[in-house]
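Undergrad: Protein chains in written order, with the numbering used here: chain H, 1 to 157; chain V, 1 to 354; chain E, 1 to 426.
Derived by calculation from the structure, the hints in this document are not laboratory data. Possibly wrong hints are sitting among the right ones.
What the hints assert, rightly or not - For lysine-lysine, the following DSSO-like pairs were computed, each having C-alpha atoms within a straight-line distance of at most 30 Å:
#, chain 1, residue 1, chain 2, residue 2
1, E, K312, H, K135
2, E, K67, E, K126
3, E, K340, V, K263
4, H, K145, E, K308
Claimed, not checked - Away from chain H, derived, C-beta distances all over 12 Å, residues of chain E:
#, residue
5, D114
6, H225
7, L246
8, S269
9, H302
10, M341
11, W388
12, L399
13, A400
Heads up, the beta-carbon is just placed ideally off N, CA and C, and yes, glycines get one too.
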Amino acid sequence: MNKNKEKIPILENKTSRRNFIDFILGTALITWIATLVYPVLKFLVPPEDTIIYVNSVEAGTMTEFPPGSSKIIRFGRKPVIVIRKINGNFSALGATCTHLDCTVQFKTDTEQIWCACHNGLFDTKGKNISGPPPKPLPSYHVNLKDDKVIISLEDMV
Amino acid sequence: MSLWNWINERVDIKSAKNFAFKKKVPVFYGSIWYYLGGVSLFLFIIQVMTGILLILYYQPGSATAFESVKFIVSKVSYGWLIREVHAWSANLFVLFAFLHMFTVFFSKAYRKPREMTWYSGMILLVLALAFGFSGYLLPWNELAFFATKVGSDIAGAFPVVGDFLLRLLRAGDEVTGATLTRFYGIHIALLPAIFTMILGLHLALVQIQGMSIPPELERIPEKHRRYMPFFPDFAIRDALLWLIVLNIIALLAVFFPWELGTKADPLASAPAGIKPEWYFMFMFETLKLIPSHVMFIEGELFGVLLFTFGAIFWFLVPLLDRKAHRGERSRFWKVVGVVLILYMIMMTLWGYIQ
Amino acid sequence: MKVKIILSLFFTTVLFADISDENTCFDCHQLMDEDLEQNEKVFENILEDIHLQVGLSCTDCHGGNSKTDDEDEAMWDDPTFRGKISKIDQPEICGSCHSDPQYMRQFISSVKTDQVSQYWTSQHGKDLKKGVEKVAACTDCHGLHGIIKANDPRSKVYPLNLPTTCSSCHSDLEYMESFGIPTDQYYLYRSSIHGTSLLDEQHLSAPACNDCHGNHGALPPDVVHIGDICGSCHVNNNALFQKSHLNEIFLTRGIGQCEACHGNHGVKSPTDEYLNWEHGAVCVQCHQTGGLPKDLADYFYHSIDSLKGRIKLAQDLLHEAEQKGMEVSDLYFSVEESQKMLIQSRTNIHSFNKEFISKTAEAGFKSADQAIEGASAALFEFNDRRKWLFLSSLIITILATTVYFKIRDLDRRDLRKNKTKGEEDD
């Protein structure tokens, strides 16, 4: 029993040193775990889509658009619907419905643009004429060069 | 009441803990090799974790695979890091598995009573190579495409079952998007399931039977042998080593990233200097050395049979090494091991020097 | 010499044996070929002649009777015999078939039959009518007895050969002296962008002499309205220019559209320096004093020059990022987009309208800036990764070191435990 008591002062030094090491160990461990967890959490969050600024896209040739037909093309990252009416005139509008983002389609019989999701209707100029869509569809310019149909943001040349 | 006690009142975990804490590791000149198994396990765990993260963004399919990897590497936050760690850790995993196997071989740990540990370990090694082969195709780049083509061609060289095996592997006659889908399923579902089961067996055997010591040390009486308790002493040393390995992987990920490559085009011709991954290189170079006909057997078939029988021979070492069975050293097996290692290293280097 | 005659007779007779049966003209005129000058020889290339190949023969142009051996019957006494056709008669004689749509249709369904009527409107035709025999008529360009189709690469009027054909007269100083027109056209054309494009790079779509001057109706174009000629290929440039305020001025003052700044035969590929006021911009030819025209030119030059610079910066940064192993291939689309805008801006100069140019220039800048931003982000990320690696390595090292000390501490504790245990056992 005496021997144990004699050892106490030495034990005390060792204890404080041990506590110190344990403390550093704990802190370093937590920091290290944080450096592991942080990248994993950031990884899980999906990235923003970068938009490549596009000015014009070739939609096809005139022969690919008989009167009363339509086609959806990719303009940068957005869909655009290109319409050729029965009277031969072209029209190009953004194909994302302004209600809840469904992709619209062209109805040849009524010459209107219809959204299948909630029965929204637009005219060939893009104006919202019926149903839930609150805003008109954005319009694009149609340029006819030789035989090609080119959709652009503005009249460039 | 502590959580421990709450669980212990319902399920006897105290006995399990006591059993675990009984584990001790022999301390002698060769103790350092004990770490290799643990490092392999650590690398496997890293593979599973990074693999699961990659699954969240990867899209298999000939039109989307390459693009999705490109997306991960360039657009996803730390996507590059997860991908690079997965790629490097895969290679290190195969390396350490081989090292672990060879240290076990030279220390004759496969002798009775640990034959099953050796058998399960060999299966794990083959599964690791399968993981490597199937995973390599997934980025769907040029190198991967042709490596898979050549590799599966060799499978077709097997007698009788060759053609069937090739079609089974490729999900068709050629390497296509269907092959990619099949390899993806094999890589993320089939292999992990089988691997985990056999790994469980392997680890359980090690826990139950304890660590093996070389035959000559068995002559030392028990009370003169030195041991280190696994918890906390060996475990904390293990943790230190794992930490260092992790840091090395991080360094490799930043300074030696794996290339994206060019997208696979089945119609394009094979690029010059096409070669398989390093862990298959020695087999590849050996096959190249074999002449077109050895006696009456076709060269490729001969090579395939050579490796198959070689693997079976190696698998059966516990059965064949009668001396180890008796607890004696065997010069013959030592030489076999050394020759094999030297051969593998030389053929691998040879493949790269060309 | 005798051997030569016998041999040539032998070969030509063998070759022409077929035709000679039906055509007695060959019998004598073959022999006569020996005495003729090289460029007057009849039988040199006659087998390739397109007329011969479609079944026509000597009599269809020269008249006479090719079935008889008798000279008088064949030629002099035959009422249809024309003999050697004079230059002034050429157009009408060739035209007797070539201007007849009904006749020509059997050979080519979509046939042109306006060659002769066009010819008479040309300078060559007008001069020929006045009796000037020096000018070109049908055979001077198309050949005489070995006429090949114009779209055959061996033809004298095939685009690759045409400039040389025209220049054989038009570059001859002595020959052209009486006409009083320059003779440097071919020399200028040869080093022009059209000349090098057609004759060196073999781009058949590049213009030869006939594309601007017309072929049968060859005339120098109306200088002041030259825009429509150039505009037949350079559509946008012409359209924009004719809408611009400069067009009126050019027309009323008789200044050649296009030609005033770009030249005619010697037109070179224009550079952006055409707008650089200090280094001889083309505008200075009229606008010596500067003022508003100079401001406009400076604006154009500055827009295009700085857009070029921005694109170059984008390309350099992207290249650097790629070299460092960063994934930036998508950004090349932005660079392509801005290069497209650069080309359009250069075309839009011809509107001489500030707002019009600024639209495409702005779009170009936007795309280039996108690429620059992306590339810069990639380069920043590259450095960032190394920075964070250093930091995390530091954390790991600290942790590892602490773990190491912990190990030592544990070992010491174990040793003491074993010691005290041993002591107690004692």
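Undergrad: Now look at each hint and say whether the structure bears it out.
TA: Status of the hints after comparison with the structure:
1. E:K312 / H:K135: Distance of about 41 Å is beyond 30 Å: violated.
2. E:K67 / E:K126: Not OK: K67 of chain E and K126 of chain E at ~39 Å, beyond 30 Å, violated.
3. E:K340 / V:K263: Holds, because 27 Å separates the two Cα atoms, which is no more than 30 Å.
4. H:K145 / E:K308: Within the cut-off at roughly 27 Å; holds.
5. D114: Fine: 26 Å to the nearest Cβ keeps D114 of chain E off the interface.
6. H225: holds (22 Å)
7. L246: At roughly 18 Å from the nearest Cβ of chain H, L246 of chain E sits farther out than 12 Å, so the non-interface label holds.
8. S269: Fine: 20 Å to the nearest Cβ keeps S269 of chain E off the interface.
9. H302: holds (20 Å)
10. M341: violated (7 Å)
11. W388: violated (9 Å)
12. L399: violated (4 Å)
13. A400: Its Cβ does come within 12 Å of chain H, the nearest being 9 Å, so this is violated.
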